[in-house]
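Novice: Chain by chain, the residues run as shown.
Protein chains: 2
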Amino acid sequence: MDTEEFRRHAHAFVDWMTDYLAEVERYPVRAQVKPGDVAARLPQTPPERGEPMEKIFADFTSVVLPGITHWQHPSFFAYFPANSSPPSVLAEMLTATLGAQCMLWQTSPAATELETRVLDWLRQMAGLPDGFTGVIQDSASSAILCALLTARERATGWRANDEGVNAVGPLKVYCSTETHSATEKGAKIAGLGMRNVRKIAVDDRFAMRPDALEAAIREDLAAGATPICVVASLGTTGVGAMDPLRPIGEACRRHGVWLHVDAAWAGSALILSEHRGLLDGIEHVDSFVFNPHKWLFTNFDCSAHYVRDPDALVRTLEILPAFLKTRERGHVTDYRDWSVQLGRRFRALKLWFVIRSYGVAELRRMVAAHIALAREAAEWIAAAPDFELMAPRSLALVNFRYHPAGLDDGAMLDRLNERLLEALNDSGELYLTQNRVHGAYAIRLAIGQTTTRRRHVEAAWEKIQTTARALPA
Amino acid sequence: MDTEEFRRHAHAFVDWMTDYLAEVERYPVRAQVKPGDVAARLPQTPPERGEPMEKIFADFTSVVLPGITHWQHPSFFAYFPANSSPPSVLAEMLTATLGAQCMLWQTSPAATELETRVLDWLRQMAGLPDGFTGVIQDSASSAILCALLTARERATGWRANDEGVNAVGPLKVYCSTETHSATEKGAKIAGLGMRNVRKIAVDDRFAMRPDALEAAIREDLAAGATPICVVASLGTTGVGAMDPLRPIGEACRRHGVWLHVDAAWAGSALILSEHRGLLDGIEHVDSFVFNPHKWLFTNFDCSAHYVRDPDALVRTLEILPAFLKTRERGHVTDYRDWSVQLGRRFRALKLWFVIRSYGVAELRRMVAAHIALAREAAEWIAAAPDFELMAPRSLALVNFRYHPAGLDDGAMLDRLNERLLEALNDSGELYLTQNRVHGAYAIRLAIGQTTTRRRHVEAAWEKIQTTARALPA
Chain B
1 MDTEEFRRHA HAFVDWMTDY LAEVERYPVR AQVKPGDVAA RLPQTPPERG
51 EPMEKIFADF TSVVLPGITH WQHPSFFAYF PANSSPPSVL AEMLTATLGA
101 QCMLWQTSPA ATELETRVLD WLRQMAGLPD GFTGVIQDSA SSAILCALLT
151 ARERATGWRA NDEGVNAVGP LKVYCSTETH SATEKGAKIA GLGMRNVRKI
201 AVDDRFAMRP DALEAAIRED LAAGATPICV VASLGTTGVG AMDPLRPIGE
251 ACRRHGVWLH VDAAWAGSAL ILSEHRGLLD GIEHVDSFVF NPHKWLFTNF
301 DCSAHYVRDP DALVRTLEIL PAFLKTRERG HVTDYRDWSV QLGRRFRALK
351 LWFVIRSYGV AELRRMVAAH IALAREAAEW IAAAPDFELM APRSLALVNF
401 RYHPAGLDDG AMLDRLNERL LEALNDSGEL YLTQNRVHGA YAIRLAIGQT
451 TTRRRHVEAA WEKIQTTARA LPA
Chain U
1 MDTEEFRRHA HAFVDWMTDY LAEVERYPVR AQVKPGDVAA RLPQTPPERG
51 EPMEKIFADF TSVVLPGITH WQHPSFFAYF PANSSPPSVL AEMLTATLGA
101 QCMLWQTSPA ATELETRVLD WLRQMAGLPD GFTGVIQDSA SSAILCALLT
151 ARERATGWRA NDEGVNAVGP LKVYCSTETH SATEKGAKIA GLGMRNVRKI
201 AVDDRFAMRP DALEAAIRED LAAGATPICV VASLGTTGVG AMDPLRPIGE
251 ACRRHGVWLH VDAAWAGSAL ILSEHRGLLD GIEHVDSFVF NPHKWLFTNF
301 DCSAHYVRDP DALVRTLEIL PAFLKTRERG HVTDYRDWSV QLGRRFRALK
351 LWFVIRSYGV AELRRMVAAH IALAREAAEW IAAAPDFELM APRSLALVNF
401 RYHPAGLDDG AMLDRLNERL LEALNDSGEL YLTQNRVHGA YAIRLAIGQT
451 TTRRRHVEAA WEKIQTTARA LPA
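Respectively, the protein sequence lines represent chains B and U.
Residue numbering for the first sequence follows my numbering, starting at 1 and increasing by one per position.
Residue numbering for the second sequence follows my numbering, starting at 1 and increasing by one per position.
Rather than coming from a laboratory, the hints here were simulated on the basis of the structure.
All values derive from a computational prediction rather than experimental measurement.
We put the CB at the ideal spot given by N, CA and C, even for glycine.
Don't take every hint at face value.
Stated by the list, open to error - Computed far set for chain U versus chain B, every beta-carbon distance over 10 Å: (1) Val118; (2) Ala167; (3) Arg205; (4) Pro247; (5) Lys325; (6) Ala372; (7) Leu471.
What the hints assert, rightly or not - In silico lysine-lysine, DSSO-like type, Cα no more than 30 Å apart, as pairs: (8) U/Lys199 x B/Lys325; (9) B/Lys463 x U/Lys325; (10) B/Lys325 x U/Lys34; (11) U/Lys325 x B/Lys325; (12) B/Lys34 x U/Lys34; (13) B/Lys199 x U/Lys325.
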């Protein structure tokens, strides 16, 4: 394909892209295909000769598109959103065209310096104090892994890196029973072991209990183990619980334990000053992550990872073969040493486009609107005689279940709500996901898609009620 | 920005993108800015009010672009290429628009099923045998980490995952002295320890010596350590060395050691049947990775990771909280359990576009053309009285240095070539990187950019000679 052919196809694609964004509501939210449906329409072998782009694109629309779950649909209430926006897509077009690999300052100075600056903008927007330095990771999971690794090395004087975890004895990690599984996954990867992750009890708002944390740390110390890291959450995935940073941070400081804060989803709400109280105790935090790719209108992947001591992170991950030495080394930031991967896409551009195109005031308004919608939805649910909230609403996240009068068998309620969720998602009109709250099946409603308006939430609530009440017993 | 504004801007961007691809030769290859130049032009604080896209785009061209190293420039001979192509960019436009997060089958069935199928196409193209199952990782570094983790767990009966590496004693990893630093980085991350990575001696073609490997494994066994993994390379980063898979694989089989093959760059050359001999012994290989984002015209990131036993990989990385359970689980592939990260972009689409748009025959021709150009360049260098090859050419990679008659002091030659490299890169006309071969400074010429033609290599060689000969002593 020569460049003029590219121009022609790209213009055609832009028209399709625009129409898609304008009309995404016409698609079922969750793909309605069965396992194997898409595969059955794909040839077993690659084509020997090139095919016209028109044919490839036709297959994209006829074969791929029906198998896509539309994350940008305004009735996407599942998981957490991965909300995008037109300025972000525009930036991705440029990023793909430049095709720069941004592992070193020299391999794209502007990408590095823009990343540093735009993450400092974001730090200011979220109310994180001076002294935090940012880097874009692919995901909060990777940031948690980096935190566990840096904590491991700081606690062992970099001996684990050198001699292996086998040389240093059991190292303990703490998180609440509500914390995202990424902490356990990170502990497995880092060679710490799942059983060295202690799940700390939570209070009635699902927040980590600092007294239980303190007791666990003391118990481990008494047993000769080394506490290395606490992963606290602002906004757990299940119910959006907020761990109290101040007492947790004080416990960490007392015992020399690394404090990482996973605010993957909820961090974006910190741009609203009314939620800044969540940061009380931030001075005790060693690292902090939140994902603009969840709730700040920036394409996946773009996870903002802040550290107080970049040298510790770099020392933990650094490897320097001859072919990566550049004359600027030591005078510039080489982000390759800040993450698990060596290669890096130019991800700062889309965040820059989004912040500039909307401006901070408008971003605040958009996030606040999602929270206001969730507040209304939670009120509707609480007021309905046959529905109940399963946890306090947290920002834009609501956990609920259908609970018709007279049905009090837990297993039956679980099964009923499971059937409700399947019926809703099978309708294609909205997409929700499930959770367990105190062991009981709950339905999660996460509001945060860029184009979600009141009418989408109203329609969802209407559909939820009518579907539930029509379910055969 | 509403969708019609998006349409207008996106069309304008397409014209810029097309012109950029057509005229990229007009830019200096390596950015010519100094550290801090770009940052100095970026405001310290984010804008409160939104700015027009015209202004943002104007800053992109005036502030960002001068700080970009142009990886898609045909005179980019540095590192390894990250070669892209028009069909790949087209696919990235669609991927960004869909904004799908492909962690589970249900969150985008088509993305999952297309990934499985297109990686099987690629497996066939590269001549990998049946029985290898593919997954797209972000980079070969991540694939190496996955291999080390799976090897660690297989060797310890999944005890390291559960109890930590502290419970299982020293675990040994083997690679050659030429292997990419990603192996050491992976060993640090996995809690194995750098000093448990044994660097095996190489032969006169820089390939791992199987006899030295066998001796090292026996020595470690005798000392009570557990050998878990050998990382062999097809095409090392420095000189492109090819480790012999058959005798290495036989040693691995004898001792129950995992064999991972890192063919990050050279793997793409396997689509040419004349290089299939490199796969001799592939039946002993447990996992294999190569990067279509390096040399198969597909945007970074797209690393093709093949495993013989997906269950072992999944068992190693799996975590299953309630909110990620779907009714299809067990009947479909959920790629989230195949990689370090949970979230995943829809990366299969661009590979599908590239393979279909070019067809396998044309992809073969394009890769073969790069190799032919490198063969010529190596001949020119070898024939020049004041230049010398520092290692045998490997596929499209040439290591050389300037060595004028009468100058035989090693340190002076190193310094002379370092100055030569800096002068070349400062010219903006081409971009090369450095290496060390037997301790001596060498200049690497890697040919593989999509639009590189004979005239670019000729111009590079001319520039190299005139610059070298004009250097003050």
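Novice: If a hint holds in the structure, say so; if it doesn't, say that too.
Specialist: We went through each hint and held it up to the structure:
Listed as a non-interface residue, valine 118 of chain U fails to keep its Cβ farther than 10 Å from every Cβ of chain B; the least gap is roughly 8 Å. For alanine 167 of chain U, the requirement that its beta carbon stay farther than 10 Å from each beta carbon of chain B is not met, with the minimum near 7 Å. Non-interface call for arginine 205 of chain U relative to chain B: holds, since the shortest CB-CB distance, roughly 18 Å, exceeds 10 Å. No beta-carbon of chain B is positioned within 10 Å of the beta-carbon of proline 247 of chain U; the least distance is around 26 Å.
With a closest Cβ-Cβ approach of about 7 Å to chain B, lysine 325 of chain U is found to fall inside the 10 Å limit, against its non-interface label. Distance check on alanine 372 of chain U: its Cβ is at least 21 Å (rounded) from any Cβ of chain B, clearing the 10 Å threshold; non-interface status holds. No Cβ of chain B comes within 10 Å of the Cβ of leucine 471 of chain U; the nearest lies about 16 Å off, and the non-interface call holds. With a C-alpha separation of about 21 Å, the suggested pairing of lysine 199 of chain U with lysine 325 of chain B holds against the 30 Å cut-off.
Pair hint lysine 463 of chain B plus lysine 325 of chain U holds up; C-alpha atoms about 23 Å apart against a cutoff of 30 Å. Of the supplied pair hints, the one linking lysine 325 of chain B and lysine 34 of chain U holds, its CA atoms being roughly 17 Å apart against a limit of 30 Å. This hinted pair does not check out: lysine 325 of chain U and lysine 325 of chain B have alpha carbons roughly 45 Å apart, beyond 30 Å. Among the hinted pairs, lysine 34 of chain B with lysine 34 of chain U is inconsistent with the structure: their alpha-carbon atoms are about 55 Å apart, more than 30 Å.
At roughly 21 Å between alpha-carbon atoms, lysine 199 of chain B and lysine 325 of chain U fall within 30 Å of each other, so this suggested pair holds.
Of the numbered hints given earlier, the model fails hints 1, 2, 5, 11 and 12; all others are met.
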